[in-house]
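Undergrad: As a plain string of letters, each chain reads:
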Amino acid sequence: MKNNIRVERAILDITQEELARKINVSRQTIHAIENGKYIPSTLLAFKIAHFFNKTIENIFFLEESDLG
Amino acid sequence: MKTKFLLPPKFKNFGWILLGISIFLSIWINVIGDIPFLADAKILCIYYSGFPLEPHPTSNPFFQVHRTNLQLDIIGILAIVGCLFVAFSRLKTEDEYISKIRLESLVWATYVNFILLIVAIIAIYGLDFLDVMLYNMITILILFIIRFHFVIYRLKKVKENEK
Chain Z
978 MKNNIRVERA ILDITQEELA RKINVSRQTI HAIENGKYIP STLLAFKIAH
1028 FFNKTIENIF FLEESDLG
Chain A
9 MKTKFLLPPK FKNFGWILLG ISIFLSIWIN VIGDIPFLAD AKILCIYYSG
59 FPLEPHPTSN PFFQVHRTNL QLDIIGILAI VGCLFVAFSR LKTEDEYISK
109 IRLESLVWAT YVNFILLIVA IIAIYGLDFL DVMLYNMITI LILFIIRFHF
159 VIYRLKKVKE NEK
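If you read the protein sequences in the order shown, they are chains Z and A.
My numbering numbers the first residue of the first sequence as 978 and each following residue consecutively.
My numbering numbers the first residue of the second sequence as 9 and each following residue consecutively.
If you're looking for bench data, these hints aren't it; they were derived computationally from the structure.
Just to be clear, a hint being listed does not mean it is correct.
[What the hints assert, rightly or not] Straight-line Cα separation of at most 16 Å, EDC-like style, residue types lysine to aspartate or glutamate; simulated pairs:
(1) A:K164 / Z:E994
(2) Z:K1014 / A:E104
(3) Z:K1031 / Z:E994
(4) A:K100 / Z:E1040
(5) Z:K999 / A:E112
(6) Z:K999 / Z:E1034
(7) Z:K1014 / A:E112
(8) A:K165 / Z:E994
(9) Z:K1014 / Z:D1043
(10) Z:K1024 / A:E104
For clarity, every value in this text was computed on a predicted model and none was experimentally measured.
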């Protein structure tokens, strides 16, 4: 699964640390999600999408390999 | 998402202190000598048959008062409780990703612990094996603590405040 959190952060000009604090997780978690090392739970995915005022589909994208 | 069964964050420092005391006590006993009131203490034993120290095992092994060496008991309990506190106190930002690392570290520690134990079973014979069993009581926790904190440390080192 891919995501564009890094892009959305750049638009709002906030750091990983700031985003992490807003949605109450550690900076390492944001870092891992952005780098595709960790797929967040549905709840956290919703929280991230809600923070950017977008739907989940606008932040997270399925890849071919996810559908296999 | 909150992980169940974890302790509040402040237990971690308390755990380090307990662990420190147990290490200090074991060094003290090895270098300076026995602590008299612990080395020869009278205590109510819930079960003590006397085997193999006493030539004639007691008829009723339950709830008898005996003189015994409490030093290892105290060091063992301090080390176990200390390790548990350090291993299972919540981080300040304990979230789902940290929980995942915690679980992976626990699985890793279990594998490594029992691989080491198998190697020890094959390699070490005689009474020395008692030492292996003694240390094996807490090696799983120590391995977990090392692996978990190493992964967290490595993650913390990744570029701060990445834009």
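Undergrad: Which constraints among the numbered hints does this structure fail? Numbers only, ascending.
TA: 3, 4, 5, 6
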